[in-house]
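**Student:** What follows is each chain in one-letter form.
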Amino acid sequence: MTVGRGRTLLLLALLVALASLPLWAPRFWIYIGTQALIFAIFAMSLDLLLGYAGLASFGHAAFYGVGAYACGLLALRHVDALIPLLLIGALASAAVAVPIGALSLRATGIYFLMLTLAFAQILWGLAVNWTSLTRGTDGLIGVPRPALPGAGALGFTLNERGPFFILCLAVAVLVFLLLEALTRSPFGRTLEGIRENERRMRALGFPTFRYRLAVFVVGGAIAGLAGSLAAMSNGFATPDLLYWTVSGLVLVAVVVGGSRSLVGPVLGAFLVLIAQLGLSTFVDRWELVLGALFIAFVLFLPRGLVGLVRRA
Amino acid sequence: MDVLNLAHGSFYMIGAYTAYSVVLATHSFWLALLIAPLLLALVGGLLELVFFRRLYRHGHLAQVLLTFGFTLVFVDLIRSGYGPTTRSIAPPPSLGGAVHFLGATFSSYSLFVLGVAVVVGALLLAAWRRLRVGAVLRAGVADKEMAGLLGIDLARVFTLTFAFGAGLAGLAGVIAAPEFAIFPAMDASVLILALVVVVLGGLGSIEGAIVGAAVIGLGYVIGTTLFPQVALVLIFGLMAAVLVVRPTGLFGRR
Amino acid sequence: MADQLERYLKSKLSDGVDRRDFLKLGLTATGMAAVAACGGNPTSGSSGSSGPTGPEFKVGAVLPESGVYAELGKSITNGMQMYFDSVANQAGNRKITMVSADEQTALASAVAATKKVVEQDSVDMVAGYVSSPNAAGNRDYLDGQKMPTLIANAGVNSLSRAAKSPFIYRTSFSNWQPSHPMGTYVAEKLGKKKIQLVYAKYGAGLESVAAFKETFTAAGGTIVGPDVATPFPNNGDQTPFVQAINTGEIDGIYCFMSGTDAVSFLKKAAELGTLKKVDLVSGSGFFVEQDVLAAITDAAPLGALTGLHWALTLDTKENQDFVSKYSKKFAGRQADVFAVQGFDTARVIVDALNAVKGKTDDKLNFMKAISHVAFQSPRGDFKFDPNTNNVVQTIYIRKVVHNSKLGWTNQVIDHYPGVADPGK
Chain W
1 MTVGRGRTLL
11 LLALLVALAS
21 LPLWAPRFWI
31 YIGTQALIFA
41 IFAMSLDLLL
51 GYAGLASFGH
61 AAFYGVGAYA
71 CGLLALRHVD
81 ALIPLLLIGA
91 LASAAVAVPI
101 GALSLRATGI
111 YFLMLTLAFA
121 QILWGLAVNW
131 TSLTRGTDGL
141 IGVPRPALPG
151 AGALGFTLNE
161 RGPFFILCLA
171 VAVLVFLLLE
181 ALTRSPFGRT
191 LEGIRENERR
201 MRALGFPTFR
211 YRLAVFVVGG
221 AIAGLAGSLA
231 AMSNGFATPD
241 LLYWTVSGLV
251 LVAVVVGGSR
261 SLVGPVLGAF
271 LVLIAQLGLS
281 TFVDRWELVL
291 GALFIAFVLF
301 LPRGLVGLVR
311 RA
Chain L
313 MDVLNLAHGS
323 FYMIGAYTAY
333 SVVLATHSFW
343 LALLIAPLLL
353 ALVGGLLELV
363 FFRRLYRHGH
373 LAQVLLTFGF
383 TLVFVDLIRS
393 GYGPTTRSIA
403 PPPSLGGAVH
413 FLGATFSSYS
423 LFVLGVAVVV
433 GALLLAAWRR
443 LRVGAVLRAG
453 VADKEMAGLL
463 GIDLARVFTL
473 TFAFGAGLAG
483 LAGVIAAPEF
493 AIFPAMDASV
503 LILALVVVVL
513 GGLGSIEGAI
523 VGAAVIGLGY
533 VIGTTLFPQV
543 ALVLIFGLMA
553 AVLVVRPTGL
563 FGRR
Chain R
567 MADQLERYLK
577 SKLSDGVDRR
587 DFLKLGLTAT
597 GMAAVAACGG
607 NPTSGSSGSS
617 GPTGPEFKVG
627 AVLPESGVYA
637 ELGKSITNGM
647 QMYFDSVANQ
657 AGNRKITMVS
667 ADEQTALASA
677 VAATKKVVEQ
687 DSVDMVAGYV
697 SSPNAAGNRD
707 YLDGQKMPTL
717 IANAGVNSLS
727 RAAKSPFIYR
737 TSFSNWQPSH
747 PMGTYVAEKL
757 GKKKIQLVYA
767 KYGAGLESVA
777 AFKETFTAAG
787 GTIVGPDVAT
797 PFPNNGDQTP
807 FVQAINTGEI
817 DGIYCFMSGT
827 DAVSFLKKAA
837 ELGTLKKVDL
847 VSGSGFFVEQ
857 DVLAAITDAA
867 PLGALTGLHW
877 ALTLDTKENQ
887 DFVSKYSKKF
897 AGRQADVFAV
907 QGFDTARVIV
917 DALNAVKGKT
927 DDKLNFMKAI
937 SHVAFQSPRG
947 DFKFDPNTNN
957 VVQTIYIRKV
967 VHNSKLGWTN
977 QVIDHYPGVA
987 DPGK
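Residue numbers (the numbering used here), protein chains in the order written: chain W, 1 to 312; chain L, 313 to 566; chain R, 567 to 990.
So here's chain W without its partners, still in its complex pose (with noise of 0.2 Å):
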């Protein structure tokens, strides 16, 4: 009970700070602080299958990077509603993730890993060869922002950085919401049942096959929303995106942060973000500090983040 107060409370503690982020935080850090919101709720979709499912995908930026495509190619063929680009993301990745969950969930552990991680290598060289549509190794470069139907009555668009932060705040908290409902409910326990012993449940007569389909369209939907707001904020698609190195980046902000928790992904996800974007543009060998950190969290903190709240 008492965890779970201190979570509660460190939730409200964090959305209080993000919240108020735009009213006292330098331009550039409302800049970082939304991309690491973005990726907090890419984070959360892995921690989704990772952590209550237990399934480690080493592909899951392929829905972060098709949700972006989907949503740049949208919005540069004059869609500017925010909702349906909001959607096509999720959608596609969605679409993208039925029959890439279908063939690797045959597979377990590092098999269900590598062939993860070779179905987002295809996709990212679909992404750079299939020029007519992805423009190449350029990318969808200009991706407009969407308009905010009655904001500009309010005097703000989303092209100003306040706003657009809140927004990308406002889908992370109902993401959150989203998932904590989720993994809560009877489907949420019968997941983790599967993840424990998955000849048990199915001896039940759960069909588990469908239940772990079903989580990883679920993943790969939210990453692919986080996908379209990436492509707004940033206002590009491009390959990296698809990247194997995406992949291992955000299973090293879940496990940094400490997976079946989805708190702890958020903060691993600011950590890495922050220490990849921010850190970067300050110090000089940022690879250096990245790598000695990620080595020590390891070694000291083996249950991420969450673990030193919880033991605090």
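Simulated from the structure, these hints should not be mistaken for laboratory data.
A couple of the hints might just be wrong.
Stretch by stretch, here's where chain W covers chain L in the computed footprint (C-beta under 8 Å, at least three residues) [stated by the list, open to error]:
1. 368 to 377
2. 502 to 509
To be clear about the criterion: a stretch of chain W counts as covered by chain R if any three or more of its residues have a C-beta under 8 Å from a C-beta of chain R, and this derived list gives those stretches [what the hints assert, rightly or not]:
3. 30 to 36
4. 134 to 143
5. 230 to 242
Backbone N, C-alpha and C define an ideal beta-carbon position, used for all residues, glycine too.
Fit chains L and R to the known structure of chain W by using the hints.
**Tutor:** Using the frame of chain W, we list chains L and R on its own:
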């Protein structure tokens, strides 16, 4: 050993850079071929003793994080030591030319690489199947506890195996140095390919790794000839196809 | 020395020194660097009452310090540093400070680096960008901020054409430039009419061979297919690509590759003896620029002809001066074309600052001053084209030779002056 080591590509990279340094200092490729694997075995053994040993219990994710950290550290160290410049070494003079047979042209060095690969593969396979150390390892992979009960000092075996694996990666780095360019990001591409090979072949199986390498190698060459742009994509497609049909690789245990 | 100070500064910054301290440090450090550049010792020259009195002028250098392009970033930074030092880090009564941020490889990082220097460091202008997607991807932001910007490498044609901005000028080249004269040269002057194209398939490769093809076919040449297009970057074996060169049916090849790709390709080609079987090896100069030649040494394609806006051996006073001073300043490091681009970028900044007497508040006026900058660069005549905001320059036809003093290098054998990108 059931360790997922993303820093294995770094061992390869360090092997190549060691070769570069040794060749620059002594002009002897053969000396590099001796020194680099020994150096890397030492590095690998130390890393196992200090870091990996604590992590076998924690599963693959902790290993991913730890070894990802090491790749970052190693690439930064290499870059600050050697600079970001692309380097290369020439093949040893005796292997610098080309050979013609069966109406095709091959570079002698490529044939040498092929020869080394066959010899190393055969030795590994023989050791794996016939020698005591192979039996011990197979026992360790199959069932750690049982092997421990049988009085096998698994900790030592694992350290030595890890060191040996790192040494082999170093050897590969030396062999690759005259064939490809040497640069600080060279670890990433080879790591992914190595993982693909091992997984396609099936984990914990030397036979699998050898067959996997052959399949991927052939697939890559045929791929580059037919569809040069998407050869790498084809490799992943190949692996995906195999795993979909046999979810534990060609030679993996069910 | 300046290098060390720069590093010291950064380490201080990362230790959490606050902004004011940083600026103070910056002033003393650049002051000392200036003294060093003048060759004096710190005790004799630095009492300088003649230092600039205007506000500091900060240049945000967005260049790769990590990743595959780190080498190019280093050369460009060195070149800029060298020119700034040569004018004691001041112009138009303002102290010039470089603030750097790591461009890395991916666009997301380059965007973050750009925003960091613009918003956190409040730089007065931005210079850099090695990779074309990164330059193109930051274009709208820089344009929107009305941020005076000099592109110091990225060659994507569109920045001189559809995507040009009144605030973005390019001191390096457009991909079109080095290759366009080569088509004429190969077909007309050399009379080689059957050429196969070999290139790394990405923006720069495609735009370069397209420019070659344009003039080559117009002068009666025939492109013999199929093109040899390698993936980019190609970390795999180059053998199948080398063997795809159709040596029996062509007079030669025209090639665009650079850096690591060029190194592994040329080595494999040398081992297989492929390039010896064709009459002509030609290409864009990056294929055999000094960085590549230094790596492959004796695998270099002797006699290969390439087009580029500079050559190490270019026999002008400005160039020989630059080459020897560069090597002295940076511990024996050989100058390369990227260092020249950095050097010229810094010179454009300094000349423009002097022209407006340090008054840069009127951005358009400052950009106008930039557009009027013209000088004798190590690469020859340097000026901007008012139609494209891109540099107008001489393209040299160079031949790969082995020089007893310099080792493997490119010797200039012909040139096309005043090559300007055809953008409108």
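**Student:** Could you run down the list of hints and mark each one as holding or not?
**Tutor:** To see whether the hints hold, each was checked on the structure:
Counting residues of the stretch 368 to 377 of chain L whose beta carbon lies closer than 8 Å to any beta carbon of chain W gives 6, which reaches the threshold of three, so the coverage claim holds. Under the rule that three or more residues need a Cβ within less than 8 Å of chain W, the assignment of the stretch 502 to 509 of chain L holds, with 3 such residues. Look at the stretch 30 to 36 of chain W against chain R: 3 of its residues bring a Cβ nearer than 8 Å to a Cβ of that chain, three or more, so the hint holds. With 6 residues having a beta carbon nearer than 8 Å to a beta carbon of chain R, the stretch 134 to 143 of chain W meets the requirement of three or more and the stated coverage holds.
Requiring three or more residues with a Cβ within less than 8 Å of a Cβ of chain R, the coverage given for the stretch 230 to 242 of chain W holds, as 6 such residues are present.
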